[in-house]
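In terms of the UniProt record's numbering, the sequence shown has 151 at position 151, counting the first letter as 1, and numbering is strictly consecutive.
Worth double-checking, as some hints may not be accurate.
For each label pair, taking beta carbons as the anchor points, the in silico distance ranges come out as [stated by the list, open to error]: (1) A122 with P14: 35 to 45 angstroms; (2) S159 with A125: 31 to 41 angstroms; (3) V152 with P5: 22 to 32 angstroms; (4) A119 with E172: 36 to 46 angstroms.
These are computed hints drawn from the structure, not numbers from a lab. The beta carbon of each residue, even a glycine, is placed where N, CA and C say it ideally should be.
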Amino acid sequence: MIEIPSDLHKDLVPLAFLLGSWAGAGVHDFPGSEKCNFGQEVTFSHDGRDFLEYHSHTWVLDNDGNKVRPLESESGFWRIDADRKVEVTMVRDDGVIEIWYGEMAVKKPQIDLVTDAVARTAASAPYSGGKRLYGYVKSDLMWVGEKQTPEVELRPYMSAHLKKVVTPEDVERWAKALPDDMPDDGIAFFK
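Assemble the whole structure, with the sequences as input and the hints as a guide.
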């Protein structure tokens, strides 16, 4: 279920499906890097202004699903205009700053992004751009990222399947919204 907060800036309503905290796992595979499974936590939040704030943390998982070490962290800001054009500014922990542009699909919660500008510190690894696809599928957030370097053509390198994180505040809010005439046995509710 997609909720639209009453204090969400009106321009951000098409991006409301991203709001909240998400957690899940995915696969990382790029030449010159360790191929691994990873865990991820992502948060999209807002403060009433015309952007979403974005934070992502990933870590390498061992074969039992335990955290081994950090993999990547990103932070940024997402905007959308009246024509459903999306812009994202992003900073990564490895010294890369990116500007992404793309658009939201018509009649479905899906966003395609492509890098428009990349800046790197001297310490960062070679990187020349990428693509990302985000989609809201059956109440889950899924994404795939592609990247390229001067030595490697554009290719997929990360993808993840994330579930919405439910907080005690969410449960309390949902409980207060239940109708007063809920059946006592719960079974009648499904008939």
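Status of the hints after comparison with the structure:
1. For A122 and P14, the hinted distance range of 35 to 45 angstroms is satisfied, since their beta carbons lie about 38 angstroms from each other.
2. For S159 and A125, the hinted distance range of 31 to 41 angstroms is not satisfied, since their beta carbons lie about 20 angstroms from each other.
3. For the hinted restraint 22 to 32 angstroms between V152 and P5, the CB-CB distance of approximately 41 angstroms leaves it violated.
4. With their beta carbons about 44 angstroms apart, A119 and E172 fall inside the hinted range of 36 to 46 angstroms.
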